[in-house]
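Number of protein chains: 2
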Amino acid sequence: MPAPYARHRKQIEEILAAWGMPPANAASTAEVMAYADLHGIDSHGISLVPGYYTRTKQKRVNIAVTPSIVRESPVSALIDGGGGFGHVTGRLAMDIAIGKAKAAGVGISAVRNSLHFGACGFYAKMAADAGLIGMVTTSAGGVQVAPTRGAEAKLGTDPLAFAAPGRDGEPFLLDMATTTVAAGRIRNKANEGLPLPPGWVLTKAGMPSTDPEETGRGGFMTSLGGTAEGSSYKGYGLAGMVNILAACLSGASLITDPLHTKRPLQNIGHFFMAIDPGLFRDPAEFRADVVTFCDALRATKPIDPDQPVLVAGDPERANAKRRMQQGIPVGPNLLTKVRAIAEECGAPWLLGN
Amino acid sequence: MPAPYARHRKQIEEILAAWGMPPANAASTAEVMAYADLHGIDSHGISLVPGYYTRTKQKRVNIAVTPSIVRESPVSALIDGGGGFGHVTGRLAMDIAIGKAKAAGVGISAVRNSLHFGACGFYAKMAADAGLIGMVTTSAGGVQVAPTRGAEAKLGTDPLAFAAPGRDGEPFLLDMATTTVAAGRIRNKANEGLPLPPGWVLTKAGMPSTDPEETGRGGFMTSLGGTAEGSSYKGYGLAGMVNILAACLSGASLITDPLHTKRPLQNIGHFFMAIDPGLFRDPAEFRADVVTFCDALRATKPIDPDQPVLVAGDPERANAKRRMQQGIPVGPNLLTKVRAIAEECGAPWLLGN
Chain A
3 MPAPYARHRK
13 QIEEILAAWG
23 MPPANAASTA
33 EVMAYADLHG
43 IDSHGISLVP
53 GYYTRTKQKR
63 VNIAVTPSIV
73 RESPVSALID
83 GGGGFGHVTG
93 RLAMDIAIGK
103 AKAAGVGISA
113 VRNSLHFGAC
123 GFYAKMAADA
133 GLIGMVTTSA
143 GGVQVAPTRG
153 AEAKLGTDPL
163 AFAAPGRDGE
173 PFLLDMATTT
183 VAAGRIRNKA
193 NEGLPLPPGW
203 VLTKAGMPST
213 DPEETGRGGF
223 MTSLGGTAEG
233 SSYKGYGLAG
243 MVNILAACLS
253 GASLITDPLH
263 TKRPLQNIGH
273 FFMAIDPGLF
283 RDPAEFRADV
293 VTFCDALRAT
303 KPIDPDQPVL
313 VAGDPERANA
323 KRRMQQGIPV
333 GPNLLTKVRA
343 IAEECGAPWL
353 LGN
Chain L
3 MPAPYARHRK
13 QIEEILAAWG
23 MPPANAASTA
33 EVMAYADLHG
43 IDSHGISLVP
53 GYYTRTKQKR
63 VNIAVTPSIV
73 RESPVSALID
83 GGGGFGHVTG
93 RLAMDIAIGK
103 AKAAGVGISA
113 VRNSLHFGAC
123 GFYAKMAADA
133 GLIGMVTTSA
143 GGVQVAPTRG
153 AEAKLGTDPL
163 AFAAPGRDGE
173 PFLLDMATTT
183 VAAGRIRNKA
193 NEGLPLPPGW
203 VLTKAGMPST
213 DPEETGRGGF
223 MTSLGGTAEG
233 SSYKGYGLAG
243 MVNILAACLS
253 GASLITDPLH
263 TKRPLQNIGH
273 FFMAIDPGLF
283 RDPAEFRADV
293 VTFCDALRAT
303 KPIDPDQPVL
313 VAGDPERANA
323 KRRMQQGIPV
333 GPNLLTKVRA
343 IAEECGAPWL
353 LGN
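Chains as they are written, first to last, in our numbering: chain A, 3 to 355; chain L, 3 to 355.
Hints in this document: simulated from the structure, not taken from any laboratory.
Any given hint could turn out to be false.
The list cannot tell twin chains apart, which means a pair is met if one copy fits it or any two copies do.
Claimed, not checked - The list that follows gives simulated cross-link-like pairs (lysine-lysine, BS3-like), each with its CA atoms no further than 27 Å apart:
1. K303 - K264
2. K303 - K206
3. K206 - K104
4. K323 - K303
5. K206 - K339
6. K59 - K339
7. K339 - K61
8. K61 - K12
9. K323 - K61
10. K191 - K339
11. K206 - K264
12. K191 - K12
13. K12 - K323
14. K59 - K264
15. K339 - K264
16. K323 - K104
Predicted, not measured: the structure shown is a model, and the values here were computed from it.
Same shape as in the complex, but just chain A (with noise of 0.2 Å):
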């Protein structure tokens, strides 16, 4: 029985204080967390806490940390996530890029030392949902991309987020990882046994595959276009992008470094901007401009009319609006492992069977 979002967000704030993140921290957390799996985004949300587990007990993050700011200008800010989870950190970057987009016009932050931060998407609404444009980038931590031409892994799904303002609560909202897809929907095919999409994975030697086994045996994800005739490299342009914001403007780890994966504490770099439209014309015209643009998309033609044309937001805006009626749905084995966690760690559970 999916629980009302307001409970499945507290199970996961209960958990993260029980592995002792400040309570603070721990609620702000579980609203990044929680946000994802609302807005559909299962990847992100509480499928994250076995993972996050493991990496608090192997004291692989310093659950306790508060982020610092380390440089700053009226433009910017450069800041060290201390070794914790990121979503502290991002939240924190993301409204100090916010205020001095509201004072200066523009705001960038760099983080450095930081870990995964969840949904890239959450960070960019922020800027949107203050009038602002906003863009988000971040470092991975998985090495499982090979470069176009390439037969060995040297990137991550490495994501990029833009979000503009548009009608009140309906912003454009882009989050995509450069790959193209999300290592997710690979292992849906494999759970299910059906082969891939041609395009999704090549194998060790960089040969096109349409086996869901096959980046489990040495092979690897795809830039988003899939194959060279297909403009793979403007995908692995894109992740080239991401990662010169959000790890070489900042100072963090790069993921083509050997030991990227391998130190105690991984230091992931994100990059967040929030630009004031108001910079250039009367902002109230330039979020009527994003309404008709986007309104003239979704009224386009279809080719199914019982599949309309969308605009990036849509889908998990929809998905919001459902699961906050219906509650959210977590699959059986998901939920029998993190309820396994919250007794072991201590916390009260809430999720029913």
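With chain A fixed as given, assemble chain L onto it according to the hints.
Frame of chain A, contents of chain L only:
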């Protein structure tokens, strides 16, 4: 016989000046166009002369215009392109963004009322040459791309460019349309009578096609990703980002506006951003990390030892090196067309037969 770069560039300059473009503007515009030809971006150099000439004769461009600054802050400028070709305006806009980034750390120029400005990468590279990160987007003139799930063209090729300084003369330089491929690559297949790889185009009903004549029959180009299963919603989302930055922010015409292609002067918008890495860390350390990152990618074990892994900007630099030595090839049909234009407008002919 391919002409040397300097003569090729001078030929373009002479033709533009013969149309009534002021001499300094003709020289500046010709430099941007010849940059594209030198770097192998043949779609954005001398091949534009016939289309630009038609537009000039139809008085659908203000050939002698000077761009003007409409609004300014320490980190931003809004620029009116005056209905001229966008190259002079684009260089001014990026120069202003660079100047502001050097003084304040970040600079953003939004341009409205402009026209086609050539290759985005030229302007992003200006920032990298100045030691800064550069990002550029532009709205498009032509409407030829259907949104994911759509059977109606609503978007253009909607390109973006991103550059970061590395080794001197070797910036990371990504310049990409957010479509699967450029229109020119479809034309090339049509010229050779070859079928297209799957995912490049759709029929006018939105069905997959491999017919290179499809777009001439009302079919559409696809967003990067090619198909729904290949995650074309990501290329489509990036096109949305490009249009919001280039058109909504500046107040240019929206590509979804039914009048976008019909007004006498198209009101194209551009976006230029420069970021000083010195806001966050020692710029030399930033550049060293970009070099380390790019070199690690280049060192990836290749699928085919004769096809080494490259980094964004490498293919274009290799073209430029070769063409600087061997001259700039122009196909016989295009050469004949350009020669006829030179004769008609009274420009000297420098390129031989």
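Status of each hint after checking the structure:
no., hint, in the structure
1, K303 - K264, "between (50 Å within a copy, 21 Å between copies)"
2, K303 - K206, "between (42 Å within a copy, 11 Å between copies)"
3, K206 - K104, "neither (48 Å within a copy, 45 Å between copies)"
4, K323 - K303, "within (25 Å within a copy, 47 Å between copies)"
5, K206 - K339, "neither (31 Å within a copy, 49 Å between copies)"
6, K59 - K339, "within (15 Å within a copy, 71 Å between copies)"
7, K339 - K61, "within (20 Å within a copy, 70 Å between copies)"
8, K61 - K12, "within (24 Å within a copy, 65 Å between copies)"
9, K323 - K61, "neither (38 Å within a copy, 52 Å between copies)"
10, K191 - K339, "within (21 Å within a copy, 53 Å between copies)"
11, K206 - K264, "within (21 Å within a copy, 51 Å between copies)"
12, K191 - K12, "neither (31 Å within a copy, 57 Å between copies)"
13, K12 - K323, "within (19 Å within a copy, 61 Å between copies)"
14, K59 - K264, "within (16 Å within a copy, 64 Å between copies)"
15, K339 - K264, "within (26 Å within a copy, 60 Å between copies)"
16, K323 - K104, "neither (30 Å within a copy, 46 Å between copies)"
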